[in-house]
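Please work from the sequences and hints to get the whole structure.
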Amino acid sequence: MKELNIESTSTSPKVLFDPNSNIFEISGESRPENASVFYKHILDWVKDLEQFFTDSKEPLKTPVEFNFNFEYFNSTSAKFILGFCKKLGQLHAQGKPIAVRWHYEEDDEDMLEVGREMSRMAKFDFEYVEIKI
Amino acid sequence: MTGNQTILNYKGPIEFKTTEILLQKVKNDLEAHTIKKVLKKRVYNIMVECVENILRHKAGDPDTAIHPYIVLEKGVGEYFITAGNLIANNEVALLKEKLTDVSNQNREGLRKMYDNQINKENTIDTDGAGLGIITIAMKSDNKINYSFNPINEQFSVFELQVSIPIET
Numbered sequence: 002m003k004e005l006n007i008e009s010t011s012t013s014p015k016v017l018f019d020p021n022s023n024i025f026e027i028s029g030e031s032r033p034e035n036a037s038v039f040y041k042h043i044l045d046w047v048k049d050l051e052q053f054f055t056d057s058k059e060p061l062k063t064p065v066e067f068n069f070n071f072e073y074f075n076s077t078s079a080k081f082i083l084g085f086c087k088k089l090g091q092l093h094a095q096g097k098p099i100a101v102r103w104h105y106e107e108d109d110e111d112m113l114e115v116g117r118e119m120s121r122m123a124k125f126d127f128e129y130v131e132i133k134i
Numbered sequence: 027m028t029g030n031q032t033i034l035n036y037k038g039p040i041e042f043k044t045t046e047i048l049l050q051k052v053k054n055d056l057e058a059h060t061i062k063k064v065l066k067k068r069v070y071n072i073m074v075e076c077v078e079n080i081l082r083h084k085a086g087d088p089d090t091a092i093h094p095y096i097v098l099e100k101g102v103g104e105y106f107i108t109a110g111n112l113i114a115n116n117e118v119a120l121l122k123e124k125l126t127d128v129s130n131q132n133r134e135g136l137r138k139m140y141d142n143q144i145n146k147e148n149t150i151d152t153d154g155a156g157l158g159i160i161t162i163a164m165k166s167d168n169k170i171n172y173s174f175n176p177i178n179e180q181f182s183v184f185e186l187q188v189s190i191p192i193e194t
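Protein sequences, first through last, are from chains A and B. Residue 2 is where the first sequence starts when you use this note's numbering, and the numbers rise one by one after that. Residue 27 is where the second sequence starts when you use this note's numbering, and the numbers rise one by one after that.
Don't take each hint at face value.
What the hints assert, rightly or not - Below, in silico cross-link-like pairs of lysine to aspartate or glutamate (EDC-like), each with a Cα-Cα straight-line distance of 20 Å or less:
1) B:LYS53 / A:GLU128
2) B:LYS62 / A:GLU106
3) A:LYS124 / B:ASP141
4) B:LYS138 / A:ASP111
5) B:LYS165 / A:GLU107
6) A:LYS87 / B:GLU179
7) B:LYS165 / A:GLU128
8) B:LYS51 / A:GLU118
9) B:LYS165 / A:ASP108
10) A:LYS87 / A:GLU128
11) B:LYS66 / A:GLU128
12) B:LYS43 / A:GLU106
13) A:LYS48 / B:GLU147
14) B:LYS169 / A:ASP111
15) B:LYS62 / A:ASP111
16) B:LYS53 / A:GLU110
17) B:LYS138 / A:GLU118
Stated by the list, open to error - Footprint (simulated), chain A over chain B, 3 or more residues, beta carbon under 8 Å:
18) 37-50
19) 73-79
Stated by the list, open to error - A few chain A residues facing chain B, derived, Cβ under 10 Å:
20) LEU44
21) LYS58
22) GLU59
23) ASN70
24) TYR73
25) ASN75
26) SER76
27) ALA79
28) ASP109
29) ASP111
30) MET112
31) ASP126
Hints were generated in silico from the structure; no laboratory data involved. Fair warning: this is a prediction, and the values are worked out from it, not measured in the lab. Cβ coordinates follow ideal geometry from the N, Cα and C atoms, glycine included.
Below you can see the structure in the form of structure tokens.
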């Protein structure tokens, strides 16, 4: 499994998918100037993850647990985030050890609701994590 | 509307860099407001969609000096956003149709429209008044108004007004 490490900017989130430390997290604000270019890195990485599962002989000791920790994302990003969730949902449906933890700040019911919508559309149950402020 | 507090009042050219500056200011200013965090995010969210709409759809008329504009005000029970830009007259009918469609929906109808739009393939570059407008309508509880004012044979000023109720 490859590592993906993208530093955050004022308009794009931090992405750290690190198999060595078992951290898979996307966090911050997402309204990049060109969302399709930004999210291509992530969607390419998921293709590689799929290949990794296909090639690996032994099951993983711990599941790959994705932490979505967005402060905010725009409507264009939402489309790509859903694409990412759908892909993870497909892998999960194939029995791959994948989980999604969707974080939201307490009193941010909009972020909780959009997480539920993404989960429904991706046909993949998320775990919801409230962040106390 | 008197007694409104103006948070942002910008008129001028809008490029991606400009949106960063404007939205950062809005974000910082909203931080000082004693309202629920979800409401701050909602106002910010709608501002982003409005500014990005301008960025995506603004037309330039070399014969006029009409720049895009965006205003954010706080009234007694609501935040109020006004966003305007030039659009080509031949785009007015389609945009009007989409806006009418959105404004006729209740919450459930908007959710269905959002579902259809977000699950469409390959519409990112031609999004038009798609996901952005639906998101604005959902987050404002469909408190949107709009107008088209023709300025010459080629262009009109499109203005979008959004009200975001302050819940207590």
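Hints, one by one, checked against the model:
For the given pair, LYS53 (chain B) sits about 29 Å from GLU128 (chain A) by alpha-carbon distance, which is inconsistent with the 20 Å threshold. Using a Cα cut-off of 20 Å, the hinted pair LYS62 (chain B) and GLU106 (chain A) holds, with the two alpha carbons roughly 12 Å apart. Between LYS124 (chain A) and ASP141 (chain B) the alpha-carbon distance is near 13 Å, which keeps this suggested pair within the 20 Å criterion. Restraint check for LYS138 (chain B) and ASP111 (chain A): satisfied, since their Cα atoms lie roughly 17 Å apart, inside the 20 Å limit.
Between LYS165 (chain B) and GLU107 (chain A), the direct Cα distance comes to roughly 18 Å. Compliance with the 20 Å bound is thereby established for this hinted pair. Annotation: proposed proximity of LYS87 (chain A) to GLU179 (chain B) is violated, straight-line Cα distance about 46 Å (limit 20 Å). Restraint check for LYS165 (chain B) and GLU128 (chain A): the C-alpha separation of about 24 Å exceeds 20 Å, so the hint is violated. Restraint check: the Cα-Cα separation between LYS51 (chain B) and GLU118 (chain A) comes to about 30 Å, which exceeds 20 Å; the hinted pair is violated.
For the proposed pair LYS165 (chain B) and ASP108 (chain A), the alpha carbon gap of about 15 Å is at most 20 Å, so the pair holds. The suggested pairing of LYS87 (chain A) with GLU128 (chain A) holds, with an alpha-carbon distance near 15 Å, which does not exceed 20 Å. Taken as a hint, the LYS66 (chain B) and GLU128 (chain A) pair is broken in the structure, with Cα atoms around 25 Å apart against an allowance of 20 Å. At roughly 28 Å between alpha-carbon atoms, LYS43 (chain B) and GLU106 (chain A) are farther apart than 20 Å, so this suggested pair is violated.
At roughly 18 Å between alpha-carbon atoms, LYS48 (chain A) and GLU147 (chain B) fall within 20 Å of each other, so this suggested pair holds. Taking the CA atoms of LYS169 (chain B) and ASP111 (chain A), the gap is near 17 Å; set against the 20 Å cutoff, the hint holds. For the hint pairing LYS62 (chain B) with ASP111 (chain A), the CA-to-CA distance comes to about 12 Å; that is within 20 Å, so the pair holds. With a CA separation close to 19 Å, the supplied pair LYS53 (chain B) and GLU110 (chain A) stays within the 20 Å bound.
Between the alpha carbons of LYS138 (chain B) and GLU118 (chain A) the distance comes to roughly 11 Å, so the proposed pair stays at or under 20 Å and holds. Evaluation of the coverage hint for the stretch 37-50 of chain B: fulfilled, as 3 residues show C-beta separations to chain A shorter than 8 Å, against a requirement of three. Proximity of the stretch 73-79 of chain B to chain A, defined as three or more residues with a beta carbon under 8 Å from a beta carbon of that chain, is established by the 3 residues found. The interface hint given for LEU44 (chain A) is broken, as the beta carbon of that residue sits about 13 Å from the closest beta carbon of chain B, more than 10 Å.
A least Cβ separation of about 35 Å between LYS58 (chain A) and chain B goes past the 10 Å threshold, and the interface hint is therefore violated. Taking 10 Å as the C-beta contact cut-off toward chain B, the hint placing GLU59 (chain A) at the interface is violated, the least distance being around 36 Å. Taken as an interface hint, ASN70 (chain A) does not check out: its beta carbon lies about 14 Å from the nearest beta carbon of chain B, beyond 10 Å. A distance limit of 10 Å between C-beta atoms decides the matter here; for TYR73 (chain A) the minimum to chain B is near 6 Å, and the interface restraint holds.
With a least beta-carbon distance of about 5 Å to chain B, the hint placing ASN75 (chain A) at the interface is held under the 10 Å criterion. Because the smallest distance between the Cβ of SER76 (chain A) and any Cβ of chain B comes to about 4 Å, under 10 Å, the interface hint for this residue holds. Because the closest C-beta pair between ALA79 (chain A) and chain B is about 6 Å apart, less than 10 Å, the hint holds. A cut of 10 Å between beta carbons decides the hint on ASP109 (chain A): the least distance to chain B is about 5 Å, and the hint holds.
The beta carbon of ASP111 (chain A) is positioned within 10 Å of a beta carbon in chain B (closest approach about 6 Å), and the interface hint is therefore held. Because the beta carbon of MET112 (chain A) sits about 8 Å from the nearest beta carbon in chain B, less than 10 Å, this interface hint is met. The interface hint given for ASP126 (chain A) is broken, as the beta carbon of that residue sits about 18 Å from the closest beta carbon of chain B, more than 10 Å.
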